[in-house]
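The hints should help you fit chain B onto chain A, whose structure is shown.
Number of protein chains: 2
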Amino acid sequence: MIQREKIKDLLNSTAFDTEVKVMGWVRTFRNNQFIALNDGSCMGNIQIVVDFANTPEDLLKRITTGAAISVTGTLVESLGKGQKVDVKAASIEILGDSNAEEYPLQPKKHSLEFLREKAHLRFRTNTFNAVFKVRHALAFAIHQFYNERGFVYMHTPVITASDAEGAGEMFKVTTLDFDKTPRTDEGKVDFSEDFFGRATNLTVSGQLEGELAAMAFGQIYTFGPTFRAENSNTTRHLAEFWMIEPEVAFADLENNMQLAEDMMKYVISYALENCKDEIAFLNDRLLEEEKTKPQQERSELSLVDKLNFCLENEFQRLTYTEAIQILKHSKPNQKKQFKYLIDEWGADLQSEHERYLVEKHFKKPVILTDYPKDIKSFYMRMNDDGKTVAAMDILFPGIGEMIGGSQREERMDMLTKRMDEMNIPQEELWWYLDTRRFGSAPHAGFGLGFERLVLFVTGMTNIRDVIAFPRFPKSAEF
Amino acid sequence: MIQREKIKDLLNSTAFDTEVKVMGWVRTFRNNQFIALNDGSCMGNIQIVVDFANTPEDLLKRITTGAAISVTGTLVESLGKGQKVDVKAASIEILGDSNAEEYPLQPKKHSLEFLREKAHLRFRTNTFNAVFKVRHALAFAIHQFYNERGFVYMHTPVITASDAEGAGEMFKVTTLDFDKTPRTDEGKVDFSEDFFGRATNLTVSGQLEGELAAMAFGQIYTFGPTFRAENSNTTRHLAEFWMIEPEVAFADLENNMQLAEDMMKYVISYALENCKDEIAFLNDRLLEEEKTKPQQERSELSLVDKLNFCLENEFQRLTYTEAIQILKHSKPNQKKQFKYLIDEWGADLQSEHERYLVEKHFKKPVILTDYPKDIKSFYMRMNDDGKTVAAMDILFPGIGEMIGGSQREERMDMLTKRMDEMNIPQEELWWYLDTRRFGSAPHAGFGLGFERLVLFVTGMTNIRDVIAFPRFPKSAEF
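Which chain is which? The protein sequence lines are A and B, in order.
Per full-length UniProt numbering, the first sequence runs over residues 1 to 478.
Per full-length UniProt numbering, the second sequence runs over residues 1 to 478.
Isolated chain A (complex conformation):
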């Protein structure tokens, strides 16, 4: 059994003059005397003071950036600035060398682009240590939020035969051979020979299955991977990403908005409390990055200010119709600065419009509701006007759409009418329709893109930097 103390604990310890054993990776080694050692338990390094006169030279040479070492020594009050404790080394053992010439992470600032190519090593940098600690905290906070409220965590299937939701392009899942593809008599691919006896895909959403469970447990949520086979090479899209999808029976759009706002505030507040060092570091990192931009492009608020601002303010709620009025009379529309000018009711809002509303007009998170039915999904509940549906999108500064949701159409006749209008085959969704057939009830839910949440709370700007091994067109490395 290996016994060692975590650097996080030692940095908060005052048990001076006791013997300790630490293990970690060398960040820097100054003057053959001071090792900055990190074991990943926190962002901070512990300083190891080496008795260089009594340490063999060939050992000293092997204490290089990236090397893993084990140190036994005494915890002492630090004489240096910036830290309270040091470890005065009595013995040092090299666990794993790191050739200084070959190790990609030098003790200097690397670009995020460079680190993306080294995604297997970038966790060892301060920035990615902070990002993934915050990601962890947000994931845990989500589970805790829903658990406290009595929601049931559902694992909806990743492999589905349903492609009826129409949320986007899907990946095929198959065990068929491209070279010896079984064919029917008509020459079509014979999917009855495939693993599942039918054509299957990777899910784009767990919502439809989530609704089934909500109609039994009352309140459920999913937290799992979802997929889009879209050729989007942007800083906001991934082919594989994680989504949280709560679904609540006996709830309308207003319950839904309240749940979403409560959740967002809960998890942001959890991260602020539990990741103080990480968020402080990311706050400073963002300030540095902003300095490289022209004055007018810089954010008015720091990261911490922006997070606190979200906690302290009610999200602005307005209808799509009200938003269209604001946009129509906005300066960028009047001056034709929008790429897509807002002319009439019914237009789909583009990112530039969402950002104008959130960042310029309201300057806080915005919940847009009651969209035209024609730009929304078949399962959203028709409003009494017959033109709009009880949908909501939650827009966040710098991110755009963070959450999309709706009250669901619980009335069988209205639902099947919409399905027919939108050419969605009822036979395929017989199980979904059964919830409306047997004990239907008002219900509502939404989807939160987890990586967009992590982007917002970390202040990172490229979604590929907040997931461990990003999947996007032409890239599935690691």
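Hints are supplied without guarantee of correctness; some may be wrong.
Stated by the list, open to error - In silico DSSO-like cross-links for lysine-lysine, where the CA-CA straight-line distance does not exceed 27 Å:
{"id": "1", "chain 1": "B", "residue 1": "Lys336", "chain 2": "B", "residue 2": "Lys360"}
{"id": "2", "chain 1": "A", "residue 1": "Lys360", "chain 2": "A", "residue 2": "Lys336"}
{"id": "3", "chain 1": "B", "residue 1": "Lys265", "chain 2": "A", "residue 2": "Lys474"}
{"id": "4", "chain 1": "B", "residue 1": "Lys21", "chain 2": "B", "residue 2": "Lys84"}
{"id": "5", "chain 1": "A", "residue 1": "Lys118", "chain 2": "A", "residue 2": "Lys81"}
{"id": "6", "chain 1": "B", "residue 1": "Lys118", "chain 2": "A", "residue 2": "Lys172"}
{"id": "7", "chain 1": "B", "residue 1": "Lys108", "chain 2": "A", "residue 2": "Lys180"}
{"id": "8", "chain 1": "B", "residue 1": "Lys474", "chain 2": "A", "residue 2": "Lys188"}
{"id": "9", "chain 1": "B", "residue 1": "Lys291", "chain 2": "A", "residue 2": "Lys118"}
{"id": "10", "chain 1": "A", "residue 1": "Lys188", "chain 2": "B", "residue 2": "Lys188"}
{"id": "11", "chain 1": "B", "residue 1": "Lys293", "chain 2": "B", "residue 2": "Lys118"}
{"id": "12", "chain 1": "B", "residue 1": "Lys118", "chain 2": "B", "residue 2": "Lys180"}
{"id": "13", "chain 1": "A", "residue 1": "Lys339", "chain 2": "A", "residue 2": "Lys363"}
{"id": "14", "chain 1": "A", "residue 1": "Lys118", "chain 2": "A", "residue 2": "Lys8"}
{"id": "15", "chain 1": "B", "residue 1": "Lys180", "chain 2": "A", "residue 2": "Lys188"}
{"id": "16", "chain 1": "A", "residue 1": "Lys376", "chain 2": "A", "residue 2": "Lys360"}
{"id": "17", "chain 1": "A", "residue 1": "Lys108", "chain 2": "A", "residue 2": "Lys88"}
{"id": "18", "chain 1": "B", "residue 1": "Lys293", "chain 2": "B", "residue 2": "Lys108"}
{"id": "19", "chain 1": "B", "residue 1": "Lys339", "chain 2": "B", "residue 2": "Lys364"}
{"id": "20", "chain 1": "B", "residue 1": "Lys293", "chain 2": "B", "residue 2": "Lys331"}
{"id": "21", "chain 1": "B", "residue 1": "Lys331", "chain 2": "B", "residue 2": "Lys360"}
{"id": "22", "chain 1": "A", "residue 1": "Lys180", "chain 2": "B", "residue 2": "Lys180"}
{"id": "23", "chain 1": "A", "residue 1": "Lys417", "chain 2": "B", "residue 2": "Lys417"}
{"id": "24", "chain 1": "B", "residue 1": "Lys6", "chain 2": "A", "residue 2": "Lys265"}
{"id": "25", "chain 1": "B", "residue 1": "Lys188", "chain 2": "A", "residue 2": "Lys180"}
{"id": "26", "chain 1": "A", "residue 1": "Lys336", "chain 2": "A", "residue 2": "Lys293"}
{"id": "27", "chain 1": "B", "residue 1": "Lys265", "chain 2": "A", "residue 2": "Lys6"}
{"id": "28", "chain 1": "A", "residue 1": "Lys417", "chain 2": "A", "residue 2": "Lys387"}
{"id": "29", "chain 1": "A", "residue 1": "Lys81", "chain 2": "A", "residue 2": "Lys6"}
{"id": "30", "chain 1": "A", "residue 1": "Lys293", "chain 2": "A", "residue 2": "Lys109"}
{"id": "31", "chain 1": "B", "residue 1": "Lys188", "chain 2": "A", "residue 2": "Lys474"}
{"id": "32", "chain 1": "B", "residue 1": "Lys180", "chain 2": "A", "residue 2": "Lys172"}
{"id": "33", "chain 1": "B", "residue 1": "Lys291", "chain 2": "B", "residue 2": "Lys109"}
{"id": "34", "chain 1": "A", "residue 1": "Lys6", "chain 2": "A", "residue 2": "Lys84"}
{"id": "35", "chain 1": "B", "residue 1": "Lys265", "chain 2": "A", "residue 2": "Lys172"}
{"id": "36", "chain 1": "A", "residue 1": "Lys265", "chain 2": "A", "residue 2": "Lys364"}
{"id": "37", "chain 1": "B", "residue 1": "Lys293", "chain 2": "B", "residue 2": "Lys364"}
{"id": "38", "chain 1": "B", "residue 1": "Lys188", "chain 2": "A", "residue 2": "Lys172"}
{"id": "39", "chain 1": "B", "residue 1": "Lys6", "chain 2": "B", "residue 2": "Lys109"}
{"id": "40", "chain 1": "B", "residue 1": "Lys328", "chain 2": "B", "residue 2": "Lys360"}
Since the hints were made in silico from the structure, they are not lab data.
Structure of chain B alone, referenced to chain A:
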């Protein structure tokens, strides 16, 4: 905004004579007077007392099993047996009808086989309410256990280009068309035209990526879906299942065993505390089921006894070599009752052998260690004997293998030697080898099949009954 009170809260309330509003699904309606109403917040129903003399007959007729209703009334002390409170209904509204002739869930006992066909509705039964509440509690307990210990939750990729681990048959993930498959000049499928620019699969394990993160954060875990395209139609295998894979730097096999045992005890104990009603129900369900079996096949312990037994006893630790000795001299081996007789060292253990060790010989969870290298994976650490590796399997009564893990081979030369011997291409795993190239260190981890854990804690016997929508050969319904 819909306001309603949860039945779980009302059942524990003593606020008699206050007005309440409840919504839920009708389980039964007796004598035109007593509705058993369930809203999924707990297993228990609340009794609604209907003033049938003053309720229109056409409304009474619509109060059928499975219908969703909303009831406003007064909370009163119950006069009946088995419950403390009733709701005396002042008004009842039908939210969603349920045609009594068509509704598949009648107020009687249905077989698990029948309910598997109705997986979209089975959550509405007591058994599946209990199973999925326990599943939720176990998932939350896992996150809480690792969070308390400072582990970082990693989302390792579901789509991978790596097929090097050799853990089993994989599903292809592709956007290529079977009818217009792009071909290279040599006539091979041209995967450079595929979405990711290469052939990709669904992951069989997040371990290799998890190791990368452990070598930076020190302690990580994954909790995500994994896949096997194996044609296994058994009660213990799924094509899509969830796995928990912790990985710890500066850890050996003994640390690994301790972590696994601590985790299992933590989550079982959490479920016992937080799912009292559900486990009591499942305990009784299992007793009933056992009664249908011949005496000698019945379990000696009840479900609750079995769970407590795991908490109170140390897991039995022994080596593979010791296990072979026990098995060789065991009665079923001597009497040739094993299907696969244990003859010599090196044999792979079958389910019958594992069950003998756990259920007959030791009668508690068993950790088997130090398996012959030839029956284990390339990344397991070679022991000094040159014959065995630092692997561990944890075997549970009634389940068999619950956990498989090992100390990892951290020595570059030993690792590449094993890869060569086992024909695993080094080029494909360049990123994995980099962890041994730069700051390698002893580390260990394991994988826990989540559904097997749920099987054990719920006492269910078919793995298809503990996941919402099971995926197995020829079946991807819902």
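To see whether the hints hold, each was checked on the structure:
no., hint, verdict
1, B/Lys336 to B/Lys360, "holds, 16 Å"
2, A/Lys360 to A/Lys336, "holds, 16 Å"
3, B/Lys265 to A/Lys474, "violated, 44 Å"
4, B/Lys21 to B/Lys84, "holds, 18 Å"
5, A/Lys118 to A/Lys81, "violated, 32 Å"
6, B/Lys118 to A/Lys172, "holds, 26 Å"
7, B/Lys108 to A/Lys180, "violated, 49 Å"
8, B/Lys474 to A/Lys188, "holds, 19 Å"
9, B/Lys291 to A/Lys118, "violated, 59 Å"
10, A/Lys188 to B/Lys188, "holds, 21 Å"
11, B/Lys293 to B/Lys118, "holds, 26 Å"
12, B/Lys118 to B/Lys180, "violated, 38 Å"
13, A/Lys339 to A/Lys363, "holds, 21 Å"
14, A/Lys118 to A/Lys8, "holds, 26 Å"
15, B/Lys180 to A/Lys188, "holds, 12 Å"
16, A/Lys376 to A/Lys360, "holds, 26 Å"
17, A/Lys108 to A/Lys88, "holds, 26 Å"
18, B/Lys293 to B/Lys108, "holds, 21 Å"
19, B/Lys339 to B/Lys364, "holds, 23 Å"
20, B/Lys293 to B/Lys331, "holds, 24 Å"
21, B/Lys331 to B/Lys360, "holds, 11 Å"
22, A/Lys180 to B/Lys180, "holds, 14 Å"
23, A/Lys417 to B/Lys417, "violated, 64 Å"
24, B/Lys6 to A/Lys265, "holds, 24 Å"
25, B/Lys188 to A/Lys180, "holds, 12 Å"
26, A/Lys336 to A/Lys293, "holds, 25 Å"
27, B/Lys265 to A/Lys6, "holds, 24 Å"
28, A/Lys417 to A/Lys387, "holds, 14 Å"
29, A/Lys81 to A/Lys6, "holds, 21 Å"
30, A/Lys293 to A/Lys109, "holds, 18 Å"
31, B/Lys188 to A/Lys474, "holds, 19 Å"
32, B/Lys180 to A/Lys172, "holds, 15 Å"
33, B/Lys291 to B/Lys109, "holds, 16 Å"
34, A/Lys6 to A/Lys84, "holds, 16 Å"
35, B/Lys265 to A/Lys172, "violated, 40 Å"
36, A/Lys265 to A/Lys364, "holds, 13 Å"
37, B/Lys293 to B/Lys364, "holds, 22 Å"
38, B/Lys188 to A/Lys172, "holds, 20 Å"
39, B/Lys6 to B/Lys109, "holds, 26 Å"
40, B/Lys328 to B/Lys360, "holds, 14 Å"
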